[in-house]
Amino acid sequence: MVISDPVYFIALPLLTAFLLPLFGKIYKPLIGIIPGLVFAFIAYISFDLYLNLVPGKPIVIQLAGWAPPWGINLVFSEFSGFVVTLITFLAFLVWVYSYNFKKVGFDNSKKYFTLLMLLVAGSIGVVLTGDIFNMFVFLEITAISSYGLTAFYKGRDSAEAAFKFLLIGSLSSTFILLAILLLYKQVGTLNMAEIAVKAQSIDPKMKSIIAILFMIGLGIEAEMFPMNGWVPDAYSQAPAPVAASFAGMLAKSGIYALVRVFYTVLEVDGIFDLLLIMGILTIIFAEFSAMRQTRLRRMLAYSSIGQMGLIMVAFSFNTKAGIFAGLFLMFNHAIIKSLLFLASGFLTYSTKQKKIRDLDGFGKIMPFTSLMFGLGAFAIVGLPPFSGFWGKLNMLVATADSNLYFVIALILLVAVVEVVYYFKVIGRLYFRQQHKEVEVHKPTWNAIAAMSVLAIVIIGVGIYPDLITDYLTKATNELFDKASYIHNVLPNLSLN
Amino acid sequence: MQEFLTYGIYGTAFFLMLLGLYAALVKKNLVKIVIGLSVLDSGLHLLFVAVGYISNGTAPIFSPAVVGKNVVMVDPVPQALVLTAIVIGFGVTAVALALVVRLYRKHNTTNIDEIKNLKW
Amino acid sequence: MKKVIIIGFLGVIAYYLLSAFASVPFGADLIKGVKDFYLDKSPNDLKVANVVTSIVVNFRGFDTLGEVTVLFLASTALGSILYRRRSHDSGLNPQRTAPEASALVQTGAKVIFPFTIMLGAYIFIHGHLTPGGGFQGGAIIATGFLLMLVSYRKFFIEHNALTWIEAIAGSTFVILGLLGLVYANNHNFLENFLPAGKLNDLLSGGIIGIIYVAVGFKVGAEITGILDTLLTVKETGLDPEEN
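Chains as they are written, first to last, in this note's numbering: chain A, 1 to 496; chain B, 1 to 120; chain C, 1 to 243.
If we strip away everything but chain A, and leave its shape as in the complex, we get:
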């Protein structure tokens, strides 16, 4: 029996989630500790598998003993392994942060950790699976757990945010299901690799309808315009570590699914142009709305949508440079945005309305948190020596490669806009006098630890980007090489 098996990524959180109520009856504090152990274990397996991955030979697990395409299979390749490692790393840090996050409370922590573990398991499932209906099931798991986590606080508005999220979410899952149905009727199989093989023989008009349905359906998780109405509300109403999870796990698995469908499963003319247009619209809409925000979390949420739009544009180039830039941006967004949300959790703890202007002078009374927030802001805008700089640089290089000069202009303009609204916050933190008497909630030791780890990663990759560029190049090559994916999953296929 192998210790490091990709099945554990999903089986262990599920088993623990089912048994957590029973653990709670035996010994209350176990509820906080056991998820941490599970997350630590799967993070360990993930790093172990990923760092020992042989290039060109992904790990393919056949579930229930049936070879694909008759059974469901999991594929742990350079690209999916990269995203899974990112997710498990963030999951562990989110647990560290929320271990005794006071607002989560002890009475509700059983539900909180159950939902959180299932959110992580669902995101990992979307990334690892090689079967398209299985992807839909895991998308639904992720979605329902996020509905529950959004409505976690008992305040007035969280239920409204969750309801809006649910409405948009279930409409889009209908579209995905419709696309799967049409696809099944055309090719007779649900396995991604086999669909990729048979996709050539589908009628092109049908293929474009299926592709559009997929884009609408998967666009909601990837925060594409106009399906991202739920993002500002959900990110601002959820608890801070949950918002960090949404940015780091939910959005990443959504964009992974989108990329996998359009690069490997279906090949449709003109879909990349459509993706480019949608990405540009997303960026414009999001960044200009972010400037107008007066509440900190909503501003961060709109900024997050803008980043996802940038990632979409990067993947729409369909070149190796574009994919490399997109992966770097994904990495940056996950780490830096999580740091920003975790920091904002304590910054807005004291202010009832979470308005930015209430944060005047917090630089003096909460020095560590403000420093973390400032670091995150510098990094995401793209200033050296932080990792955000390399991401934006690669993006500009890739755009120039594809001769899309107006996109370069857009990226630079957006960078200026970001500087404006982030520095507005930093200015208030450090350069204004505190004018409201508030009760200060200092961050707990584990929150400090979680934020420090993220900061160290940002600085580390910023100074020495070669730490990850090697892995990103391998992931790029794997994604671009459709034939080897098919060959690895279906080795017995005779290509006729």
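It should be emphasised that the hints constitute simulated quantities derived from the structure, not laboratory data. Quantities reported herein were computed from a predicted structural model and do not represent experimental measurements. A portion of the hints provided could be inaccurate.
[Stated by the list, open to error] Covered, in the sense of this in silico footprint (three residues per stretch, anywhere, with C-beta under 8 Å from a C-beta of chain C), are these stretches of chain A:
1) 115-126
2) 138-148
3) 334-347
4) 397-407
[Said to hold, decoys possible] Chain C side only, calculated, beta carbon under 7 Å to chain B, not exhaustive:
5) K3
6) D63
7) E67
8) S171
9) I175
10) L176
Virtual Cβ for every residue (Gly too), placed ideally from N, Cα, C.
Dock chains B and C against the given chain A, drawing on the hints supplied.
Quick look at chains B and C alone, frame taken from chain A:
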């Protein structure tokens, strides 16, 4: 006859789906919106099962009467998929209704126009 | 005005969908796909008569695991959204607001209830032989409980018992899968490691029957829990205004 069946059965499923979509997008009452989502799901499931049908096929169960004989069976895969889809739809509806109950407790109304606290 | 736009938009969607489906005639046999494999292997290798069951539990068992998780998630999210006070905390009893049902309904419910439970149990135990299975049987059991909940105001379900049943049934599914990692021929998750038996026998199909029984219990317990939570009004106390 074939044409009539195709358009008739698919048309019913589409009609249900469009009806549910209309209700979910246009209606103001929260409960009616949730009902609309549920009707949309039902239409989609009907479409699934209809797509799986094979002419003159029988149910895919090898009961003692059928074992060993060469019979045409309908496609069992969409039926398995729709089982999963029905359960998922039920789960989403349950969560939606819980949210409706909570919204009603807070705002004392089920009209979605009056529950728009979160603006720009 | 908004309604007109939406109707126009729906019309466009309808047109595209109809044109897509016009090329998929009703009842046609599609190009060669996976279903022939399933129809062949199920009675011969797995010795399971109901092909849909063998697909749901064995070939695509991972989907079923996800589905069971979705139900569990729905009931947990419901419990988190509709926070109910524990009765031993506040000492108040949860009440149902519906008026007491008439004598006809009450008597009828008391008579039908045990038969409903029996029917549900029959369906999920014979899931691999006859149409139906764990989900269908569980839903029927929950309907029986719903009938009793609606007819009698004083009919209470012990949520503790439901929690235990859910937890044990759910973990049975995952543990059976993990056992497949250890004992089965190819060491894969959810692989069948018990002998398959004879076709159309009650004990055929290896772990398929056992999984479906666990699923039946879990689904019944979960749907009953969801219905009970929705029907019971939380005791009035001040809602804590947290931010």
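Should the interface hint for C/L176 be scored as holding, given a Cβ-Cβ cut-off of 7 Å against chain B?
violated, 19 Å
Check, residue by residue, whether the stretch 334-347 of chain A contains three or more positions whose beta-carbon lies closer than 8 Å to a beta-carbon of chain C, and give the verdict.
Not satisfied, violated; 0 residues make the cut.
For the hint on C/K3, does the least C-beta distance to chain B fall short of 7 Å?
holds, 6 Å
Hinted contact C/D63 with chain B - closest CB pair below 7 Å:
holds, 5 Å
Do the numbers back the hint for C/E67, that is, is its least Cβ distance to chain B under 7 Å?
holds, 5 Å
Double-check C/I175 for me: the hint is only fine if its C-beta lies closer than 7 Å to a C-beta in chain B.
Where the cut-off is 7 Å and the nearest Cβ of chain B is about 21 Å from C/I175, the hint is violated.
Are there three or more residues in the stretch 397-407 of chain A whose C-beta lies within less than 8 Å of some C-beta in chain C?
With 0 residues in contact (Cβ-Cβ under 8 Å with chain C), the coverage given for the stretch 397-407 of chain A is violated.
With 7 Å as the cut and Cβ atoms as the points, is C/S171 at the interface with chain B?
violated, 19 Å
Is the listed coverage of the stretch 115-126 of chain A by chain C valid when you require three or more residues with a beta carbon under 8 Å from a beta carbon of that chain?
holds (count 4)
Outcome, coverage of the stretch 138-148 of chain A by chain C - at least 3 residues whose beta-carbon is closer than 8 Å to one in that chain:
holds (count 7)
Checked against the numbered hints given earlier, this structure breaks hints 3, 4, 8, 9, 10; the rest are met.
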